[in-house]
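Read off the chains here:
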Amino acid sequence: MIEFSHVSKWYGTNQVLKECSLTIGKGEVVVICGPSGSGKSTLIRCINGLEPFQKGDVRVEGVSVAARGTNLGRLRTRIGMVFQAFELFPHMSVLRNIMLPQMKILGRGQTEAEAKATQLLARMGLSLHGAKYPAQLSGGQQQRVAIARALAMDPQAILFDEPTSALDPEMITEVLDVMVALAQEGMTMAVVTHEMGFASKVADRIVFMDAGVILEDTPKDTFFTAPRTERAQQFLSKILQH
Amino acid sequence: MFGNFDTQVLIKNHALLLNGMLISLELTAIAAVFGMVIGCVLAFMRLSRLLVVAWIATAYVNLLRSVPLILVIFWFYMLVPKVVGHPTGAFTSVMIAFVLFEAAYYCEIVRAGIAGIRRGQAQAGLALGFRPTQVMRYVILPQAIRTMVPVLLSQVIVMFQDTSLVYIVGVRDFLTAAEVVADTNNRPLELYTTVAVVFLAICLTASLLVARLRPRTAR
Chain A
1 MIEFSHVSKW YGTNQVLKEC SLTIGKGEVV VICGPSGSGK STLIRCINGL EPFQKGDVRV
61 EGVSVAARGT NLGRLRTRIG MVFQAFELFP HMSVLRNIML PQMKILGRGQ TEAEAKATQL
121 LARMGLSLHG AKYPAQLSGG QQQRVAIARA LAMDPQAILF DEPTSALDPE MITEVLDVMV
181 ALAQEGMTMA VVTHEMGFAS KVADRIVFMD AGVILEDTPK DTFFTAPRTE RAQQFLSKIL
241 QH
Chain B
1 MFGNFDTQVL IKNHALLLNG MLISLELTAI AAVFGMVIGC VLAFMRLSRL LVVAWIATAY
61 VNLLRSVPLI LVIFWFYMLV PKVVGHPTGA FTSVMIAFVL FEAAYYCEIV RAGIAGIRRG
121 QAQAGLALGF RPTQVMRYVI LPQAIRTMVP VLLSQVIVMF QDTSLVYIVG VRDFLTAAEV
181 VADTNNRPLE LYTTVAVVFL AICLTASLLV ARLRPRTAR
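Line by line, the protein sequences give chains A and B. Residue 1 is where the first sequence starts when you use the working numbering, and the numbers rise one by one after that. Residue 1 is where the second sequence starts when you use the working numbering, and the numbers rise one by one after that.
Treat the hints as calculated values from the structure; they're not laboratory data. Please note that the accuracy of each hint is not assured.
Stated by the list, open to error - One-sided and incomplete, this derived list gives chain A residues near chain B with beta-carbon spacing under 7 Å:
#	residue
1	W10
2	N48
3	L50
4	Q54
5	G73
6	M81
7	F83
8	A85
9	I105
10	R108
11	T111
12	E112
13	A115
Said to hold, decoys possible - Here are a few chain B residues that face chain A, going by a calculated C-beta distance under 8 Å:
#	residue
14	F34
15	T58
16	G89
17	A90
18	F91
19	L126
20	G129
21	M136
22	V139
23	A144
24	R214
As the list claims (entries may be wrong) - Pair ranges (Cβ atoms, derived):
#	chain 1	residue 1	chain 2	residue 2	range
25	A	T118	B	I145	48 to 54 Å
26	A	Y11	B	V198	36 to 42 Å
27	A	R123	B	R118	23 to 29 Å
28	B	R131	A	T111	37 to 43 Å
29	B	S154	A	A166	55 to 61 Å
30	A	T118	B	P142	39 to 45 Å
31	A	E230	B	P142	22 to 28 Å
32	B	T92	A	W10	51 to 57 Å
33	B	I56	A	A166	23 to 29 Å
It should be emphasised that the depicted structure is a prediction, and the values quoted were computed from it without experimental measurement. Cβ atoms here follow ideal geometry from the backbone N, Cα and C, with glycine treated the same way.
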């Protein structure tokens, strides 16, 4: 469903992605991990065209992200995205955050959008918070609203860019629970995270990156028990120490 | 010193003074409205990805912000009639000078307001599928306006004080009217004290109102 072929990206002379190739099939959950600065976020931002790249191609459902004629708006609507800093719109209520994109982008009516938003908030356990503004919610609650906002567009896949990195430890679980449920329902997911517990529970594959290169792309069991590269072994020993 | 403060001279000439105040206020209002319109256009030009467009706006803003207002007033006083081809009167030239001068300042306030919104907000909007113009309209501007409005209004208050500079080209604003009355009646103390008190009262009240606006609008 999502295909990278030999994607390279430079910031000036600094190459941040090197010949990255990767395929994410429908219903697959792929966790992308690696040390900071390894290009994980940049990689998944290429999928919905938030990051331009200079070489190679990314195709989403067969449509090239970089091609001139591509309707990027349409493509982005089919791919949800959840950010590290939540990025809810602070000047709108929670309900409005989930309704506005449905109405302005998908052309849904007020009633339909509100019904969808209400239903998703209930699913996130946030039914009582629809009228509040994002600033009145905890980080974990805000991130669940952000997930609801993405889901409201009925996406074919969701990209998660370090969704729990900005959260206090006690809030990480409530967000991961929602993500695990989504994964189990068969949502196609690309998740940049250091949460190896989440990875071992629901990931189909683990992609390990370092310095802009995809070093490993393996089923999760192989990754945890027998990582091929030394770099991945070091990374795992650091991250799993505790 | 204030023992023989003559209030009669104020009462007798109140029509002239009031008329001067109306001219000051009119100039402020016109310059604020049209200055903001042009300022917004300049701000969007500066944020444009078309480098030529951005460069033109930047050059304009830097030029106008580098010269003293009093010079701009003088300059337009001489220039405007030449450009239009016939005498225009001091008020018209001063009006144009203020609109174009203030636009440069409003541009910077608007631009800073827009640039101050975190990049992630625009990215979230784009990622949902909004078009760039929709991101501006639904996501960026509503937030930016909340931070801009108090700053823009403060700039209007500063400009209101600056309107007194038009005396150099003979526009009969509040200060000039007071000067005329002071000279003809030989009562400078009464008149200039009154001008100071009136400016103080108006600007202080306006500042307090803007300050009250701040916590509700600026986040």
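Exercise. Is it true that the C-beta distance of T118 (chain A) to P142 (chain B) lies inside 39 to 45 Å, as the hint says?
Worked result: 23 Å, violated
Exercise. Does V139 (chain B) meet its interface restraint, that is, does its C-beta lie within less than 8 Å of any C-beta in chain A?
Worked result: Because about 6 Å separates V139 (chain B) from the closest Cβ in chain A, which is inside the 8 Å limit, the hint holds.
Exercise. Taking 7 Å as the limit, does the beta-carbon of R108 (chain A) come near enough to a beta-carbon in chain B?
Worked result: 13 Å, violated
Exercise. With a cut-off of 7 Å, does the beta carbon of F83 (chain A) approach a beta carbon of chain B closely enough for the hint to hold?
Worked result: 6 Å, holds
Exercise. Holds or violated: is there a CB of chain B closer than 7 Å to the CB of A115 (chain A)?
Worked result: Constraint on A115 (chain A) not satisfied, violated at 19 Å.
For this session: With a cut-off of 8 Å on the beta carbons, see whether F91 (chain B) makes it to chain A.
Result: 41 Å, violated
Problem set entry | Agreement of hint I105 (chain A) with chain B interface, Cβ distance less than 7 Å | Status holds, d = 4 Å.
Problem set entry | Restraint outcome when N48 (chain A) is required to lie within 7 Å of chain B by C-beta distance | With a minimum Cβ separation of about 6 Å from chain B (threshold 7 Å), the hint on N48 (chain A) holds.
Exercise. Quick one: are Y11 (chain A) and V198 (chain B) within 36 to 42 Å, going by C-beta?
Worked result: With a Cβ separation near 57 Å, Y11 (chain A) and V198 (chain B) fall outside 36 to 42 Å, so the hint is violated.
Exercise. If you take the shortest Cβ to Cβ gap from M136 (chain B) to chain A, is it below 8 Å?
Worked result: 13 Å, violated
For this session: Report holds or violated for the interface hint on A144 (chain B), using the least CB-CB distance to chain A and a cut-off of 8 Å.
Result: Hint on A144 (chain B): violated, closest Cβ of chain A at ~10 Å, above 8 Å.
For this session: Kindly confirm whether 23 to 29 Å is satisfied by the beta carbon distance between R123 (chain A) and R118 (chain B).
Result: Holds, at about 28 Å.
Violated hints, listed in ascending order, are 1, 4, 10, 11, 12, 13, 14, 15, 16, 17, 18, 21, 23, 24, 25, 26, 28, 29, 30, 31, 33; each of the other numbered hints is respected by the structure.
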